[in-house]
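Model the placement of chain B on the given structure of chain A, informed by the hints.
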Amino acid sequence: MSAAGSSNPEFVVARVRARRGQLYGDEEYRKLVRMTPAEIARFMEESSYEAEINALGSRHGGVDLIEYALNANLAKQFEGILDWSEGALYDLIARYLRKFDAWNVKTVIRGVYTGASQGEIESDLIRAGEFDDRRIRRLLEADSIDAVVEVLEDTIYGDPLRDAYAEYEESDVLVPLENAVDRVFYERLLENLPGGEPIRQYEAFLKAEVDFRNATNALRLARSGAEIDPAEYFIEGGELFTRDTLARLARNVDELVEYIAESGYADQLGPALRELEEANSLIAFEHATDAALLAYGDRLGTVHPVSVTPVISYILAKEREVENIRAIARGKEAGLSADDIESELVIT
Amino acid sequence: MLEATNALGNAVLSTGGTLTDPSAAAALAVGLAALGAGYAERGIGSAAVGAMAEDDDLFVNGLILTVLPETIVILALVVVFIV
Chain A
1 MSAAGSSNPE FVVARVRARR GQLYGDEEYR KLVRMTPAEI ARFMEESSYE
51 AEINALGSRH GGVDLIEYAL NANLAKQFEG ILDWSEGALY DLIARYLRKF
101 DAWNVKTVIR GVYTGASQGE IESDLIRAGE FDDRRIRRLL EADSIDAVVE
151 VLEDTIYGDP LRDAYAEYEE SDVLVPLENA VDRVFYERLL ENLPGGEPIR
201 QYEAFLKAEV DFRNATNALR LARSGAEIDP AEYFIEGGEL FTRDTLARLA
251 RNVDELVEYI AESGYADQLG PALRELEEAN SLIAFEHATD AALLAYGDRL
301 GTVHPVSVTP VISYILAKER EVENIRAIAR GKEAGLSADD IESELVIT
Chain B
1 MLEATNALGN AVLSTGGTLT DPSAAAALAV GLAALGAGYA ERGIGSAAVG
51 AMAEDDDLFV NGLILTVLPE TIVILALVVV FIV
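Residue numbers (the working numbering), protein chains in the order written: chain A, 1 to 348; chain B, 1 to 83.
Looking at chain A on its own, in the form it has when it is part of the complex (with noise of 0.2 Å):
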């Protein structure tokens, strides 16, 4: 568990393989959506969810329970990878895993905002990134958004988040600390990347994600209307987009869709976007952009057997399992029929 010495993917790989191995398909799915909340806690019980529903199965009950399981469950097995790896390996895992710190940082700051709970926060951290137990249970504890903002004093996350700190006292919104926090995450994300091909790839597929997300981030913007400036919310590193012309394309949705339409992604994106155009339903498009962000992470893991990309590609899918079991728990509970519920899931 450190970025020091020779990095050993063969085995974090072939530990991974199994476990993707064990992931739902099809036909768990198909089955799940026709169950109760009660039934699919029983179903996850039977499954590689056992120990985290046991755990929990005496506190939280229902749609709760799922939720957590997910979670703790999520968060036990990237743990686990950042565990196994060594060297480069690390290095590049961790990278992607920082969006769960990212998130659970986000997640402190809204919590102290509104004053929730110490046990309510706590439960929607995702404890799968590279904070320790102590520094989480440090930022638990943290009363006062200075305090958070000095929990973190010592990560990357420090300066960025202490200029924004300064911003927040005047206005009082969040939104400068959220953003700090994910443009550090971003920033970290694509920097220094050793060389070789295998990396190049998963700078690649990298680049792909910036560019989906803000691709969706402007999709959203254009047909909210609202007078926000786009290029605040843009994320550096992507290929598609620079601040400029995303900043030009956020007024019209036209344009935009058509500016997709015409780039490299247009194979992927293609059938979303001529449903964006007809249905004029955004979340087709979102499905999309993460149908083919799975789909180009497996490729890349069967091109490059032997190095990060197969890993990645696996927590792609491990989050996707988890966002659709969520999904399928979520839409039993508020009466969904089976058939509107199939439709939210991304499965490949």
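One or more hints might be untrue.
As the list claims (entries may be wrong) - With a straight-line Cα cutoff of 25 Å, these simulated SDA-like cross-link-like pairs (lysine to any residue) come out:
1) K76/A <-> A53/B
2) K76/A <-> E54/B
3) K99/A <-> A75/A
4) K76/A <-> D55/B
5) K76/A <-> A33/B
6) K76/A <-> S46/B
7) K99/A <-> V210/A
It is worth saying that the hints were derived from the structure and are not from the lab.
Relative to the frame of chain A, chain B by itself:
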């Protein structure tokens, strides 16, 4: 030190050049083959242990795959008997 090296060189040359001796070349071949096998087993072994950690039933398969590169050394050993 230098004189010693010179003396060694002279001794080698006078006895007919050890490194051009066929059996020395065969020994080198076996040694290099073993090195290659070891390197291959390093990767396969760590992958096999990873797979076993996830599923105990893979022990036999893992063991077989791990020792498979050992065949290179056995083939290289044939050279020793030929020369």
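Proposed proximity, D55/B with K76/A (alpha carbon, max 25 Å): 18 Å, holds
Agreement of K76/A and S46/B with the hint, judged by alpha carbon distance not exceeding 25 Å: Between K76/A and S46/B the Cα gap is close to 22 Å, so the pair holds against 25 Å.
Distance restraint between K76/A and E54/B, which requires alpha-carbon spacing of 25 Å or less: 14 Å, holds
Given pair status - A33/B, K76/A, alpha carbons within 25 Å: 42 Å, violated
Given hint V210/A paired with K99/A - CA-CA distance at most 25 Å: Since the Cα atoms of K99/A and V210/A sit roughly 13 Å apart, the hinted pair holds (cutoff 25 Å).
Pair hint K99/A and A75/A, alpha-carbon separation not exceeding 25 Å: Within the cut-off at roughly 12 Å; holds.
25 Å limit on alpha-carbon distance, applied to hinted pair K76/A and A53/B: 16 Å, holds
The earlier numbered hint that this structure contradicts is number 5, and it is the only one.
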